[in-house]
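Put chain B on the given structure of chain A with help from the hints.
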Amino acid sequence: MAHDKIWVLAEYTDAGPTTPTLELLTEARALGSTVEAITWGTGTASVAAALGDYGATTVYDVGDIGSALPGAPVSGAIAALIDGGNRPDILLVPASYDGRDVAGRLSVKLDRPVLTNVTGLVAGDDVRTQHPLFGGTMIASARFTGEGPHIFVIRAKSFAAEPGGGAAPSVVGAAAPDTGATNGAQVKDRHAEERSGPKLDEASVVVSGGRGLGAAENYALIEELAKLLGGAAGASRAIVDAGWVPYSHQVGQTGKTVKPTVYLACGISGATQHMVGMKGSKNIVAVNKDQDAPIFSIADLGIVGDVHKVLPALIEALKSRS
Amino acid sequence: MNVVVCVKQIPDPAAPPSLRPDTHTLDRSGKLIMDDSDSYGVEMALQLAGGEGDEVTLVSMAPNGETSGLRTALAMGAAKAILISDDALAGSDALGTAKVLAAAIKRVSPDLVIAATESTDGYTGTVPVQVAELLGLPSITFAKSVAIDGTTVKVERQTEAGYDEVESPLPAVVTVTAGVVEPRYPSFKGIMAAKSKPVEVLSVSDLGLEASQVGSVGARQEITDVSAAESRGSGEIVVDDGDGAQRIVSFLEQLKVI
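These protein sequence lines are chains A and B, in that order.
With the first sequence counted from 1, adding 6 to any position gets you our numbering.
With the second sequence counted from 1, adding 35 to any position gets you our numbering.
Next up, chain A with everything else stripped away, as it sits in the complex:
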């Protein structure tokens, strides 16, 4: 079974296509002969050239969806294209908030299953997926056994994004049909949480804190350390759930995937949920008082010690160097 046509669900912000979108377009070029993108919003014209550079020859534009959440209208538009006879073999969807909504609804509309949390694809007669299991200690391979289109929801940073030098794509309108009651959710207001320094998923150094910090105010140590190292401050789900830091800091399965040069895990035991999001870091340093903490099993340097002693000393040492 050849994979002639690959579609990528493309997301963008004011700054251009999101990095996961470019990663998926790059991978799509390796998988199939024709790469096309589906996107929505009022800024499609301004990102079309970038989507073309990464491989899309056609961009289907759902256009303005107003204040609706994308799940219903965008899945409706994709289903309408497919029902109209324009049928991809594979649809690659970024594992973003909206991407997962679109994939879930489309799955029902087409009556096709979805493979989610994909971190690798192996091309062949039928594409095999790779999924991390048990905190990334095991890898499961899976495949679809039924008819396509095959919908894959893929985690960020599974592939490197590389431009292919493609020409500007043709932009084709693909308006959403009336999706009735399913389109009831409307965004009333948007709030951005301010943060300084490099972005968590782009920083070359990430310093993360967990429950072992003991109290919310001790997160200041993490922020200071991150700043001294020119990095970003991250967090385990435990302290995000506890309300110590905003969700935007969360590293892990439900948070950001990071692959920095150095990941410094402080007071983090290494729950499955967390490890999936940072295991790909080039170097891992862990500080934890429990020598049996799972995080040590993947650490290049592990310090069995008290974060309340090690971190202030580390901050002092770094300050004295500058």
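Keep in mind the hints are simulated off the structure, nothing from the lab.
It is possible that some hints are incorrect.
[Stated by the list, open to error] Simulated DEER-style distance windows between Cβ atoms:
1) A:H314 to B:S247: 57 to 63 angstroms
2) A:G171 to B:Q82: 53 to 59 angstroms
3) B:E245 to A:K194: 37 to 43 angstroms
4) B:A264 to A:P318: 34 to 40 angstroms
5) B:E288 to A:R134: 38 to 44 angstroms
[Claimed, not checked] Simulated pairs of lysine to aspartate or glutamate, EDC-like, Cα-Cα distance not exceeding 16 angstroms:
6) A:K194 to B:E202
7) A:K325 to B:E288
8) A:K288 to B:E288
9) A:K295 to B:E217
10) A:K315 to B:D275
11) A:K285 to B:E265
12) B:K189 to A:D195
13) B:K179 to A:D195
14) A:K194 to B:E191
15) A:K295 to B:D276
16) B:K179 to A:D247
17) A:K194 to B:E200
18) A:K288 to B:E265
19) A:K315 to B:D276
20) A:K205 to B:E195
Beta carbons: idealized from backbone N, C-alpha and C, even for Gly.
Quick look at chain B alone, frame taken from chain A:
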């Protein structure tokens, strides 16, 4: 107001997980407990539907008539539960599971359906939205706060940048993140009361579904193999004797990060 909470009963995540050698799927034959991720949805439902005439119904799909996880949620205060348990359901994929849950939820005609954003064991994270689509309902995923205002549900939904304020008319499906509320511990009285709360056990045919749509037969995907991930190789683990910070500095110097 009638609220349905989807509750998944899973093998204890603290115990070593095991996979069935034949299908590479998670072995669910042992004792199951309520997925901790669902305790937040149960708590949220109890807070939203705490008035006169309000009712919280649990819906779960599990093998072997398993109810221990449901009893935990009933002990927290839910009124009743529907359990779909049928040998034909073994090996169901997310879409098959959603078809089963949607058919069961339909029987209750709820004003609001609450689920976790994803389960702890399978974490596909697609089932609640698939349920919404099957029921023809709007959905708001990744809620970090949920409030009801008349016939509208108001949610703060997590985004890449921060959060959005999102509203939807009821009925609707909402998925909640962990930490959205602090789940209560079941009281002794609650635990005793839970023993006699009604749990309706249904089969696939009770729901009017074809066995070919669900279970491993209906799943149009399969796990082909499971292998050990490339090991990172064990690094150097040292006990801090007051030189821990210096060890880290040396390591960072080696990497030319500082």
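Against the structure, the hints:
The beta-carbon spacing between A:H314 and B:S247, approximately 59 angstroms, falls within the hinted interval of 57 to 63 angstroms. Separation of A:G171 from B:Q82 is about 55 angstroms and conforms to the stated range, judged on CB atoms against 53 to 59 angstroms. Between B:E245 and A:K194 the C-beta distance comes to about 41 angstroms, which sits within the given range of 37 to 43 angstroms. Take B:A264 and A:P318: their Cβ atoms lie about 35 angstroms apart, and the range 34 to 40 angstroms holds.
Hint check: B:E288 to A:R134, Cβ distance near 42 angstroms, so the stated range 38 to 44 angstroms holds. At most 16 angstroms may separate the alpha-carbon atoms for a hinted pair to count; A:K194 and B:E202 meet this at roughly 7 angstroms. Under the criterion of a C-alpha separation no larger than 16 angstroms, the hint pairing A:K325 with B:E288 is consistent with the structure, at around 14 angstroms. Taking the CA atoms of A:K288 and B:E288, the gap is near 15 angstroms; set against the 16 angstroms cutoff, the hint holds.
Using a Cα cut-off of 16 angstroms, the hinted pair A:K295 and B:E217 is violated, with the two alpha carbons roughly 27 angstroms apart. A distance of roughly 9 angstroms separates the Cα atoms of A:K315 and B:D275; the hinted pair therefore holds under the 16 angstroms criterion. Distance restraint check for A:K285 and B:E265: the Cα-Cα separation of roughly 11 angstroms lies within the 16 angstroms cut-off, and the hinted pair is therefore satisfied. Between B:K189 and A:D195 the CA atoms are separated by roughly 11 angstroms; this keeps the pair inside 16 angstroms, and the hint holds.
For the hint linking B:K179 to A:D195, the alpha-carbon distance of about 15 angstroms falls within 16 angstroms, and the restraint holds. Taking the CA atoms of A:K194 and B:E191, the gap is near 10 angstroms; set against the 16 angstroms cutoff, the hint holds. A hinted pair counts as satisfied when its Cα atoms are at most 16 angstroms apart, and A:K295 with B:D276 qualifies at roughly 12 angstroms. Taking the CA atoms of B:K179 and A:D247, the gap is about 10 angstroms. The hint holds against a cut of 16 angstroms.
Between A:K194 and B:E200 the CA atoms are separated by roughly 5 angstroms; this keeps the pair inside 16 angstroms, and the hint holds. Our distance criterion of 16 angstroms between C-alpha atoms is met by A:K288 and B:E265, whose separation comes to about 14 angstroms. With a C-alpha separation of about 11 angstroms, the suggested pair A:K315 and B:D276 falls inside the 16 angstroms cut-off, and the hint holds. For the hint linking A:K205 to B:E195, the alpha-carbon distance of about 11 angstroms falls within 16 angstroms, and the restraint holds.
Checked against the numbered hints above, the structure breaks only hint 9 and satisfies the rest.
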